[in-house]
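Line by line, the protein sequences are chains R and S.
Its first residue numbered 1, the first sequence is counted upward by one per residue in our numbering.
Its first residue numbered 1, the second sequence is counted upward by one per residue in our numbering.
Please keep in mind that the hints were generated in silico from the structure rather than gathered at the bench.
Since we're looking at a predicted model, the values are computed, not measured.
Check each hint, because a few of them may be wrong.
[As the list claims (entries may be wrong)] Label pairs and their calculated CB-CB ranges:
1) R:Ser27 / S:Asn57: 16 to 24 Å
2) S:Thr5 / R:Leu30: 43 to 51 Å
3) S:His40 / R:Gln17: 23 to 31 Å
[Said to hold, decoys possible] Where chain S lies over chain R, by a calculated footprint (3+ residues, C-beta under 8 Å):
4) 19–29
5) 76–82
Backbone N, C-alpha and C define an ideal beta-carbon position, used for all residues, glycine too.
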Amino acid sequence: EPEVTQTPSHQVTQMGQEVILRCVPISNHLYFYWYRQILGQKVEFLVSFYNNEISEKSEIFDDQFSVERPDGSNFTLKIRSTKLEDSAMYFCASGAGTTNTDTQYFGPGTRLTVL
Amino acid sequence: DAKTTQPTSMDCAEGRAANLPCNHSTISGNEYVYWYRQIHSQGPQYIIHGLKNNETNEMASLIITEDKKSSTLILPHATLRDTAVYYCIVTRHPGGTSYGKLTFGQGTILTVHP
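Start from the sequences, fold in the hints, and give me the full structure.
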């Protein structure tokens, strides 16, 4: 069964450093998403990406964040200058985007720790 | 997207059916009810979804009331591995101005005990 994969599983970085979190969505899916979950809190939507551009983003997704689909398979989330409060689990998801059904499938997540 | 209300926690005995309720009184006709679960800190796992009719798959059944204002997720024979946080989410599918984002609440912590 196809699945979303994410790398690395755990990333430790120093405050102020740039990090890139990588995701390989399910092949043939058209919609891509990033969510995050701070320890003990709700899963929060960050951004959706469709047709090679951001389609929707939350207030959390400020200028420090960017997303890219550099090739036909990878989908990345970049945080330019990490802050302590960026420490969280980051989940990538993808969806087929058809009208009648659009289940989002989530990856296992990347745990980001900012020191 | 419509807001959902779920109990904070529930218990269930192993082998029994787990019935998880969800209220979504402001749901509109083109909004779907989705159920996901999250085991520990793993990625949310899709369970089932429906628009207005009851649905069943290999994992669970979804019962949606006729007025769509509430639904119940049924795990027919709960196992210890079903212990997780269960999220009821109302969303529209991509199309028009919707891009299908999921808004997670706190969910219901289901504990299955021996």
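A quick look at each hint next to the structure:
{"no.": "1", "hint": "R:Ser27 / S:Asn57: 16 to 24 Å", "verdict": "holds (22 Å)"}
{"no.": "2", "hint": "S:Thr5 / R:Leu30: 43 to 51 Å", "verdict": "violated (32 Å)"}
{"no.": "3", "hint": "S:His40 / R:Gln17: 23 to 31 Å", "verdict": "holds (28 Å)"}
{"no.": "4", "hint": "19–29", "verdict": "violated (count 0)"}
{"no.": "5", "hint": "76–82", "verdict": "violated (count 0)"}
Of the numbered hints stated above, those contradicted by the structure are hints 2, 4, 5, listed in ascending order.
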